[in-house]
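Colleague: Each chain, letter by letter, is given below.
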Amino acid sequence: MEQEIDISRQKKDLFRLLSFLKKYKVLLFFAFVFLFLATACEMYGPILVKRFLDDHLMKQYFPKDTILMLFSVYVVLMIGKIILSYLQLLMFQQIAFKVVQDIRMKVYEHVHSLAFSFFDKTPIGSIVSRITNDTEAIKDFYVSVLATFIQQIVFLVGIIIAMYSLDVKLASICLGLVFIVYFVILTYRKKSFPFFMETRGQLSNLNAKLNEHLQGMSIIQAFNQQKRLQSEFEHVNESHYQAGVKTIRLDSLFLRPATDLIYTIGIMFVLSFFGIASFSNPVEIGTVYAFVSYLERFFEPITQMMMKLSLLQQAVVSSARVFDLMDEEQKAPVQEGSNSPKIVEGSIDFKNVSFAYDGVHNVIHDLSFSVLPGQSVAFVGHTGSGKSTIMNLLLRFYDVKDGEIRIDDHKLSSFQESELRSNIGLVLQDPYLFVGDIKGNISMYNDAISENDMKEAAELVKANEFIEKLPNGYDEVVVERGSTLSSGQRQLITFARTIAAKPTILILDEATANIDSETEEAIQTALTAMRKGRTTVIIAHRLSTIQDVDCIYVLHKGRIVESGNHQELLAKQGLYYNMYLLQNKGSLQLAE
Amino acid sequence: MSVFKDLLWFFKQEKRSYIWGISLLIIVALLELLPPKVIGYVIDEMIKKSLSGKTLFFWVGLIFVNGLLLYLFRFLWRRLIFGSSLKLAKQLRDNLYHHFTKMSPTFYQKNRIGDLMAHATNDVQAVRETAGAGILTFVDSIILGGSVLIMMAVSISWKLTLISLLPLPIMAILTQYYGKLLHQRFHLAQEAFSELNNKVQESMSGLKVIRSLGQAKEDIGAFKNQADIVVKNNMKVARIDALFDPTIMLVVSISYLISIVYGSRLVISDDITIGQLITFVTYLGILIWPMLAIGWLFNIVERGRASYDRIRSLLSIEADIKDSDQALQKLDMGVIHYAIDSFTYNEESNFKLSDIHFRVKEGQTIGIVGKTGQGKTTLLKLLLREYDVNQGRISVGDMNIKNVSLHALREHIGYVPQEHFLFSSTVKENIAFSLINATDEDVYKASEIANIHNDILDFPEGYKTVVGERGVSLSGGQKQRISIARSLIKNPNILILDDCLSAVDAKTEEKILRSLKDERDGKTTFITSHRMSAVMHSDLILVLDEGKIIQRGKHEDLVQIDGWYKEMFERQQLEELVQQGGR
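These protein sequence lines are chains A and B, in that order. Quick note: the first sequence uses the numbering used here, first residue 1, plus one each step. Quick note: the second sequence uses the numbering used here, first residue 1, plus one each step.
If we strip away everything but chain A, and leave its shape as in the complex, we get (with noise of 0.2 Å):
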C-alpha cells in the first residue's frame, strides 16, 4: 500500500541517508577536488576563445608564440578536463556504491537478530524486496541524485564566476536568470509532487486490477461477468490516461519548453546589452562570444537536475521502507544473567509451560514433562495440538508466555545462543538444501566440523551409500532447493547435517508426506541411529516410527491427555489407540 509520507520524515531520511557518507570523508574530498578542477577547465574554454577572437583575430594580430600558447594552453584544458571529468565521475559512483553496501549489510545484519514473531507476521517478499530492490533505489539517489545534484550545482557556479570575470552587470543580470529558474523549478515540484503520486497511484490501481482479474478470470467467465468488468477496467485505465495526460501538459509548460525561453530571454539581454552598449564604444566581440556560449551551457544543468526529480520521489519511498526495517525492534530472545552454562547430559525439563504466538489465545495449555539424558520421547496429536510449538519453545525461537523450561536443570534463558545452537539438533519437516555442493550442506561453513567429521555423519545416517554414487560424490553441486535429488535423498542429507555438529539433544520434526517403502526403511534407520545415546524428542505423525521410544505423549489442544509407552497406550483403548487404528488399515475393533 502506498503511504503518505509526510514532509518532516523525508527530512530526517534524507539526513540520515547523508550520514551515511561521513564514512568516506576522504574519498569525497578527493572527489570534489577532481570536480572543481574539471569545472574550472570547462569553463576556462570559452575565455580563452573570447581572448583569441578579441586581441588577434579582431585586430588581424598573430604573434606565432601567443598563438601557440592560447592553442596549447586550450588543448592542456581540454585533456585535463577529460580527464579529471572522467575521474571525479567515476568516485561519486564509487562512494555511492560504497554508501549502499554499507546500508544493505546493516538492514541484513540487524534482520538476522529479529524475533520470529516478527517473520510470522511479515510476508518474505516483502523483507526481500527492502533489502534488494528498496536498497538498489536509493542507490540511485547517491548515483544520479546526489551526485548530479553537486556536480550541476558545481557547474552552475563555475559560470557565474566566469561570467562574473568578464563583465559584472550582464552576469548580475544573468544571475536574475537563475532565480527565475529557481521559481520555475519550486512552482513545477510544488505542482507536479500530487500528479506524480497519482500517476502511480492509478498505474499501481490499473496493475493491480489487470492482476486480480487475471487471477479470477475463470470465476469472471463462470458468472458471465465479462462486460461488467471490462468496463471497470476500462473505467480505471481511463483515469490512468487521464492522469498521464495532465502530468504531460504539466511537464510541457515547466520543463524543458520553459527553460528554452528562458535561456531565448537571456539571449535576447546579452545582445541588447551589448548592442547598446556598442552605440558608444567598441566592443568586445569575444565577450559577446563567450556570454553566448555560456548561456547556451547554462541551461543544462538544470534540465539535468529536472529529469532526476522523480527518481528522488522514488528514493524517499524506498529510504523510508529500508529505515523502518532497520528500525524494527521486535528482537529475538537473547541470553539473560552471564553464567553462561554448558549442556552436558541433556536432561529436560518443561514446568507448567503456556504460550500463545499471538500474546491472548493460548496453544499450549500448562504443559509439565521431563526427559531424562539419552531417553527418546515423542508427540503426538491432531494438527493444532501444540506439538511444533514446544519445538519452537525448546529451541528459544519464542520465549514461553507462562512456567519454565529447563536444560540440565538450568533456565533456558540463562545459555548463550551459541551453546544452544551447537547442542540442540533440528531435522525439519521440510528438508532444506542451499544452493552449493553436498558436502557445504552437510558441514553449513561449520569450521568446526571436519572433511572426516562431515563423512563420519554422512556414513552414520546411511547416505554415503547413494552420496557416493554420484559422479562428484560429496561435490556434487545441488540446485536452488535440491530439486534434482529425491526427497528421501534430501533427508538424508539434512540428517546428515544436524548429526555432523554432534549436538547432545536431537529434535526431530517427523515429515509427513507420504514416501516408498524402500526410502521410508533408509530413513527409519537412520533414525535410530542418530538417537542412539542423544537426548531425543520427536514430533510425530507416522505412529509407527514410534514404537521403541521411551515415553510417547499425546497432545489434544494444547493439553497432554495421555502418556505412557506405545504398549501401555494401546492397552487404554483411548485416543492413541483410534490415532492408531486410523493410521493401520487393520482389523481392530473400533473403541466405542
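For the record, the hints were derived by calculation from the structure and aren't laboratory data. Just so it is clear, CB atoms sit at the ideal spot from N, CA and C, and this is done for glycine as well. Just so you know, nobody snuck in bad clues.
Facing chain B, from chain A, some residues (calculated, C-beta under 8 Å):
#: 1; residue: VAL49
#: 2; residue: GLU212
#: 3; residue: LEU214
#: 4; residue: GLN215
#: 5; residue: MET217
#: 6; residue: ILE220
#: 7; residue: PHE274
#: 8; residue: VAL283
#: 9; residue: LEU395
#: 10; residue: SER418
#: 11; residue: PHE434
#: 12; residue: ALA501
#: 13; residue: ASN578
Using the hints, position chain B against chain A.
Modeller: Frame of chain A; chain B shown alone:
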C-alpha cells in the same frame, strides 16, 4: 524502423494529432536555426558599427517572437505526440484486456499471469515510447540535424562544415562501441543483483534452519560476498558509463578547436565574417542533440519492435472455447444428460474420463466422490464448458450445450470452485457479483443459507468490509462460505459445489446442506466432496476412480456393499471421532 510501419494503423487513426505534431516539430526545428543567425548578424553589425537602435530592437524583437513561438509550438507538439502515445498505450491495454476475457482456462494454464502482466505493462510501455519519443527522435535527428547541416554548409561555408565535422563520426562509432560494452556489463550486473536477490530469498525462507544451526554470522558473511560482487560489477558498468560524457566532450572540443582555427583562416581571407564564425560555432552546439538522438532512436525502435511483436502474437491467439456460429441465445432448463464416451485434456495428458453416462432430473442433487485426482472437478467443468467434450455430449433438456451461447448456458449456473477466490471489494460486492443491483435483502438471504451472515456482521465494517488480497484476511472456511453465497444470489437452476466445504467443520457443513435443500426445492445441485457426509443425502452418488464411474447409487445402498464408498465412509467416521479427542 519497420515498427513505424506496423504502427501505421494507429498513426492513421490519430492522423490529425500526428500530422500537426510532426509539422510543428519540423517548424520548431527550423525556428531553432534563427537565433544563432541573428546573433551572427548583430555581431557583424556591431563590428561594422552599423548597428542602430532600430535594427537592434528589430533583431532582439525577432528573437523574442521566435522564442514565444517556439514555446507555444513545443508545448503543442508535446501535447499532441506524447498525448497520442498515451492513447496508444490505453488502447493496447483495453484490447489486451478484452482479449483476455475471451481466453479459456487452457490459455491460463499455458501462460503464467506474471508473463501476461509483463506484456500488459512493460511491452505496452515500450510501444508507447516508440509512438512518442520514437517519433520525436526520428524527426528531430533527420530534420533538425539535416537543416542545421544545410544551413552551415550553404549559408556559411561548406568547407568549414566538412572539416570541423570530421571528428563527429568518430564519436558515433565510439559511443556505439561503448553502448555494446555497456550492454554486456550491464547484463552481468543485473545477474549479480538477481543472484543477490535469490540468496536473500533462500536465506529468509530457510531462516529456521540457519538459526537452529547457529549459522547467522556465516550467512551474513556469504551475503557480504555476494553484495561485494554486485558492487564490483556495478563499478565495471560505471567505468564504461563514465566514458560517455568525456568522450562526447572530447570530440566536441576538437570540433570546436578545428572550427575556430580553420574558421579564423576563412575570416582572414574574407571568406566569412566573424559573425558567421560565431553563428557556425553556435550551430555546432545545436548539432549535438540530433547526433545523440540517433543512438537513442535505434534503442527505442528495437525495444518497441520486440514488444509490439509480442503483443500482436498474444492478441492473435484464438479462443478455443467459443460460441458456434448458429449458437442459440437462450436455453431452457431440463434434464441434464451426460453422455461422454471419452474426454482428455490434450494428446500429452495421461488423464482421461471414460464412459460417463448419467442423467440428473430437475430438482435432483447429485454427489460425486472419489480419490484425489482430476475426475470430479473435470466432470463439473465440462458442464460449465471450461473445456469442451470431444467424444460425446452433455445436454440440458435435450439441447447439446455446445449449441447454445456460453452466456445463455452460464446464466443458469451458480458455480463454487475449489479455489475460493474473492475480489478486492466489499463483502456485499463479492456476494452480489453476478447481480450487481441486488438488494441488501437478497444478499442477506444468500449469506444466511451459506451460514456466513452472522460472521459478516462481526466483521469490522460488516458487509462494507473490504476483503480479497488488499483487504482483511479471512479464514479458509469464511472464504468458502462467501463463495457459496455468491453462487446463490441469482438462485440459479443449476448449482455446482466443487469441494467447497472442505474448510468448514462437520456441523456447519450439515447446516449449510440442510438450508440448501430447503431453499432449492426443484432446482438441480451438483456437489463433490472428500467427505461422504456431504453427499450422504444426494439423490444419486457417483464414485469416480481413474476417470471412470466405479460405483453409483444412493447412500443407503452403497454402505451395504463392500467397496471404496463404504471404506471411506467408515474411516471418516473414525477420523471425526479422533478429531474430537474421543476415546
